[in-house]
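Engineer: Listed below are the residues making up each chain.
2 protein chains.
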Amino acid sequence: MTDISEVGEFGLIDRIAERIKEKEGLVKGIGDDCAVLEDGDYYTLLTTDMLVSGDHFNRNWHSPWQIGWKSIIVNISDIAAMGGYPEWCLVSIALPDDVDYEYVDDIFKGMLDASEKYELSIIGGDTTHGDLLVINITLIGDVEKENLCMRGDAEVGDLICVSGDLGKSWAGLDLLRAGKEGYTEFHLQPDCRLELGRRLAPHVNGMIDVSDGLASEVNHICDESGVGALVEKDKVPISDRTREAGKILDKDPMFWALSGGEDFELVFTIPEEDLDRIEDTEPIVVGKITEEGRYISNGEKKPLEGGYKHF
Amino acid sequence: MTDISEVGEFGLIDRIAERIKEKEGLVKGIGDDCAVLEDGDYYTLLTTDMLVSGDHFNRNWHSPWQIGWKSIIVNISDIAAMGGYPEWCLVSIALPDDVDYEYVDDIFKGMLDASEKYELSIIGGDTTHGDLLVINITLIGDVEKENLCMRGDAEVGDLICVSGDLGKSWAGLDLLRAGKEGYTEFHLQPDCRLELGRRLAPHVNGMIDVSDGLASEVNHICDESGVGALVEKDKVPISDRTREAGKILDKDPMFWALSGGEDFELVFTIPEEDLDRIEDTEPIVVGKITEEGRYISNGEKKPLEGGYKHF
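Chains F and H, in that order, give the protein sequences. Everything in the first sequence is counted per UniProt numbering, starting at 1 for the first residue and increasing by one. Everything in the second sequence is counted per UniProt numbering, starting at 1 for the first residue and increasing by one.
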């Protein structure tokens, strides 16, 4: 008997990945934000995310509209991280006995509002019973071949950039857990960087979204690109509101930024000489891709560790 | 406050369907076994099904391998019902604290064995924590344009046929629930009719798979095709082993056939003059498509009602 925490989410994923037979038409399978399939001048992007009550949302804090909204947003973020755009959506939902029709209708409204904002169409799904409220979303998107950005596209010497401030989602979660007032809006109702991803895609090399915290995402880029990274701690963007939450809870907001996740910002790498091409997106440079090793430095270099652990 | 059972699974689906904006490229959205998208000479088929512990499998009865196997099979059955074949698969799984690594590995083995048998490739997914074991599978398949079979393709005068005996899954479930020995193999380890669906597709009109029982499936065909149906009760195929389970439990096996579901046989309609074209598939004629009304007859005509209700 082996505890799952010994193997971890990524150990499980590696285990299934090694036994899969690849077929013609597959450009990228397990190991990026989306799977990528050949489709003429485009690539088809496929992503799926499951949200379980108590783990990915809390029915005491999130309104049903927010649960529906979030379920779509977290999936669009994966499409944004590949440089693409979403087209079609499949919704599976398991409903426990204690939700009524109006509650479910509000979940659907949240999904439909997110779908409308980001121009995707819900075309199928599965509505069933379960002892827990569970939502699974699958998105199908497209990307022009020249715009595809993968985790494995980072190159030595690239700057590591992020698209906005980090730690905000986990700050809100920890405030809600502690029953304190503060900056909880983003945690309850996150948004994603689809439009920005589209603008960045023609110029950047590696790209990933912040699901599990900056440390985890930079490590994914390093794993897939076969490179190293040096993150400069004092450049990691944390907003005043997130710092304020840190004070209220006596917690270090840097931990939220590196290991919290669900900020749905984009982390991307770009050659220094190309930085002016994306000036209008206001990129925040937080470090550099190196030949090997993964470090975070504040004068003193330490291993870049952390990231949200599901198990 | 409205109880979901008042609206039902299909009421919920209708409610979301009416608010969806259709986009170019969509051939069929909500309301069939799969969503259908344009793709050159082919249609792309998309289907998703969620399996929740306690509702769709029972960890006391199903081995982890069987849970993984079933999760893939139920989805392939939806592709088979459109006349297509599966190509790609996304797996989401929520794992509770009380499953260990070996258990999860056996679930994956069941998924991989089903994937190998039916030549599909797992290319992505989501592995997360949840207080219940939940699996969501999304399949992407293809069908040649001329082979697409929809629920709405039945025509007045068509014969209604099924591909094999019904009620077998629910017989097994009721035996397991009662703690009795008997024909439980199919319930625990169902299979689907992919190869048969491919052979039928060029010849039949409407087609659907048996997820919720024959009564429910024939009603879906009538709804989507704008026709009626008359099912002859004594032609509904029920095996000796299923009848035996009925005797053990003092239950009417016809109820299992009409309202049980999960038999994953195909229900299809075909003009009488074309029946000899599919002779080698040994179709079982159970009724006829009529202009209106949905009936089951055993000499006396009664309304064709029933079907598994999730709520």
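Hints may be right or wrong, so weigh each one.
[Claimed, not checked] Now the in silico label distances, taken between C-beta atoms and shown as ranges:
| no. | chain 1 | residue 1 | chain 2 | residue 2 | range |
| --- | --- | --- | --- | --- | --- |
| 1 | H | Gly11 | F | Lys302 | 35 to 45 Å |
| 2 | H | Asp274 | F | Ser5 | 56 to 66 Å |
| 3 | F | Glu282 | H | Pro202 | 34 to 44 Å |
| 4 | F | Glu18 | H | Lys302 | 54 to 64 Å |
| 5 | H | Glu181 | F | Glu102 | 44 to 54 Å |
| 6 | F | Ser5 | H | Ser5 | 36 to 46 Å |
| 7 | H | Asp274 | F | Gly11 | 45 to 55 Å |
| 8 | F | Gly11 | H | Glu24 | 13 to 23 Å |
| 9 | F | Tyr42 | H | Glu22 | 12 to 22 Å |
| 10 | H | Ser63 | F | Lys309 | 49 to 59 Å |
These aren't lab readings, by the way, just hints derived from the structure by calculation. We put the CB at the ideal spot given by N, CA and C, even for glycine.
Engineer: So the hint says 56 to 66 Å: do the beta-carbon atoms of Asp274 of chain H and Ser5 of chain F match that?
Structural biologist: Given range 56 to 66 Å: holds, Cβ gap about 58 Å.
Engineer: CB of Gly11 of chain H to CB of Lys302 of chain F, is that within 35 to 45 Å?
Structural biologist: violated, 57 Å
Engineer: Just tell me: holds or violated, for the beta carbon distance of Ser63 of chain H and Lys309 of chain F against 49 to 59 Å?
Structural biologist: Distance hint for Ser63 of chain H, Lys309 of chain F is violated at roughly 28 Å.
Engineer: Confirm or reject the claim that Tyr42 of chain F and Glu22 of chain H have a C-beta distance inside 12 to 22 Å.
Structural biologist: Check passed, 21 Å falls within 12 to 22 Å.
Engineer: Would you say the C-beta atoms of Ser5 of chain F and Ser5 of chain H sit inside 36 to 46 Å of each other?
Structural biologist: Roughly 39 Å apart at Cβ, these two residues keep to the hinted range, so it holds.
Engineer: Does the Cβ-Cβ separation between Glu282 of chain F and Pro202 of chain H fall within 34 to 44 Å?
Structural biologist: Hint violated: Cβ distance 57 Å, outside 34 to 44 Å.
Engineer: Holds or violated: 45 to 55 Å for the Cβ distance of Asp274 of chain H and Gly11 of chain F?
Structural biologist: Taking Cβ atoms as reference, Asp274 of chain H and Gly11 of chain F lie about 53 Å apart, which means the hint holds.
Engineer: Does the hinted range 13 to 23 Å hold for Gly11 of chain F and Glu24 of chain H at CB?
Structural biologist: violated, 42 Å
Engineer: Has the hinted range 54 to 64 Å been met by the Cβ atoms of Glu18 of chain F and Lys302 of chain H?
Structural biologist: With a Cβ separation near 56 Å, Glu18 of chain F and Lys302 of chain H satisfy 54 to 64 Å, so the hint holds.
Engineer: With 44 to 54 Å as the target window, see if Glu181 of chain H and Glu102 of chain F comply at their CB atoms.
Structural biologist: Cβ of Glu181 of chain H to Cβ of Glu102 of chain F: about 45 Å, so the range 44 to 54 Å holds.
Hints 1, 3, 8, 10 from the earlier list are contradicted by this structure; the remaining hints agree with it.
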